[in-house]
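Going down the list, the protein sequences come from chains C and L. Just so it is clear: in the first sequence, position 450 is 450 by my numbering, and no numbers are missing. Just so it is clear: in the second sequence, position 97 is 97 by my numbering, and no numbers are missing.
Check the hints yourself; a few may be wrong.
[Claimed, not checked] Below, a list of computed lysine-lysine pairs in the DSS-like style, where the Cα atoms sit at most 25 Å apart: (1) LYS211(L) - LYS383(C); (2) LYS354(C) - LYS211(L); (3) LYS44(C) - LYS211(L).
The hints are simulated quantities; they were obtained by calculation from the structure and are not laboratory data.
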Amino acid sequence: MSQRIVIDPVTRIEGHAKITIQLSDGGEVEDAHLHITQIRGFEKFVEGRPFHEMPSLMARICGICPVSHLMASAKACDALMAVRVPRTGTNLRRLMNLAQIAQSHALSFFYLSAPDLLLGMDAPPIKRNLFGIAEANPQMARDGVRIRSIGQQIIEMLGGKRIHPAWVVPGGVNEPLTAEKRDKMLAMMPEGLELALRWLDWFKGIHEQFHEEIATFASFPTMFMGLVDKQGNLEMYDGYLRFVDADGKIVVDDVPPEEYATYIGEAVEPYSYLKSPYYKPLGYPGGLYRVGPLARLNLVNACGTPLANRELTQFRARANTRSSFYFHIARLIEIVYSFEKMQQLLDDPEILSKQVRAYAAPNSLEGIGVSEAPRGTLIHHYKINESGAMVHANLIIATGHNNIAMNRGVMQVARHFIKDGQVNDGILNRVEAVIRAYDPCLSCSTHAIGHMPLLIEVVDPKGAVVAEVKR
Amino acid sequence: MSVVVTLKINDIDVSGQEDETILDVAREHDIYIPTMCHLDGLSSVGACRLCLVEVKGMNRLVTACTVKVAEGMEVYTETERLKKYRRMLVEMLFSEGNHICSVCVVNGRCELQSMAGRVGVQHITLPYYNPLRTLDTTHERFVIDRNRCILCTRCVRVCDEIEGAHTWDLGGRGIESHVVTDLNTFWGDSPTCTGCSKCVHVCPTGALFEKGRSVTEMTKHREFLPYLTMMREKK
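Chain C with its partners taken away, still in its complex shape (with noise of 0.2 Å):
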């Protein structure tokens, strides 16, 4: 008899989702879907509002992420008002988002991700967190927690405070770096990157025993997008869209990011509060593709820094990077990447400058700010009356982007793990996990409230709920 299988909540991510998985009456997986049940609103509650306020209130969408939220609406806003930010306002934001980069995919890797990698697939539920990895190897717990912290000091250093902090605003940032503030970060960057390193060397070492996982795991071919600089390469805060294709080809290239509508439809299922954004050309839904640390690294001529660079050499030498596994090592380079950029742009004597604001009274009706968040590419497109009143919001989140290939991604994993009907907790975790190797954030690509919850349900033909798990 045929059954459906659904996962609610979806543990160890961002937000809130569940999963249903459809069985035959065979007992073979015949359709499965990733449902975000969450709705935010805040394209909507926005309007009306005076425009300088969309960096912070457009913060308030993430705890996690808000640096990343400012940039692109302080992006957004910049291009309201037709200014140029003045170089050192540019590079405190870069100094910013990098910090951010490197604490949320250490939030990730080590807090998230890694009870799987460490412990296993298999290990006990309630073994699988942080406090499991402080037992077995509290090393890693420790390190993880270390370079959280440095990045989240710098963000603290720059903006008075970790979350939320006010400091980006339309034209720039409100306060120039003090040297004694910028000795001190420097004073950290040795440490950061000896512990990016130390982890990415492990995971290096230990990631073959995933096989598994690392076939099953979103593995098919998918475009991926993201920003890169002038030269095509790995670019977080400006930049230019590139689309290439599963093989690394690019498809279309130096998209200016003010053009994305040319680019990406916005598609709506029913059975999710998350948009589906496509590549427009190849329709809808086989315009796929992913965005992200893993897209990223696979679209880039080069990282830009030395350790960064030679470690991208490395993983493209690998089989395989297609696969959604590979993420986390994706993560762990970015944020090696993000110590040796931040490193640079602290030696670099003007990041002292007085200069970090233009002032302008807004002189264009419509705006679009894009910039790289830890999960990947995130738009903002804002259109205001004459007075500067919000008129309409669009967002594309990060995690929006990477929702049909999520979609697959649980299609496949169920699909090769789930045999005659039967389901066990390591299987569960694997499905889930396949969704964590994304790192959603789910409260920020559908603007939701509450906790993020796991259910999966195995549902009969008729749709009656015939097994339930939930945590």
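Fit chain L to the given chain C structure using the hints.
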């Protein structure tokens, strides 16, 4: 020539001029009475009710900013009843508007916010009214966000009494009351507004602010008011 009167505030013997208010005399003697709508340099209207005090022999509470002192008066400013009412009043100000400190231009520099701390408000125990209020961004340099207005009428008074323009006024009744410019037209179209920004600076919350200020970036300067009044009276 004004007459000196003696009275007691919180059982302490004090003296003042007979044309002074309880608030004036209390302040002269370093006795704190909370105020929100009152501002030195403007007339007093007793709108916010935070300066309520108890006077022996009177069965109602009186506003210290409007009631004059009298010989033999016994005033109490810190009774349990008053403390409770003050907390309740501030809670009501929060619950009847839409005050979101975290994304406000005056976060950290707001009189309502600091008053909440001062009178001991830790939570808003009353249900939020969540009113649908308007925002006017049409002025070239300033914005009025009625979500954050507590109807203290400082803007109305400063515009009328100091600037002499009388651009601001109150419109609507009861819970629908709100500040309006001219005859409820857009501020940007106002023929009377001189753009002096006094209303912006006397506003105790983030209801009136300068355009282009981001969250926490608005500092208000009110110290000019008594000097302005003084210098004009001299002429």
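Consistency of the hints with the structure:
1. Between LYS211(L) and LYS383(C), the direct Cα distance comes to roughly 17 Å. Compliance with the 25 Å bound is thereby established for this hinted pair.
2. Taking the CA atoms of LYS354(C) and LYS211(L), the gap is about 23 Å. The hint holds against a cut of 25 Å.
3. Restraint check: the Cα-Cα separation between LYS44(C) and LYS211(L) comes to about 22 Å, which is no more than 25 Å; the hinted pair holds.
In summary, the structure agrees with every hint in the numbered list given earlier.
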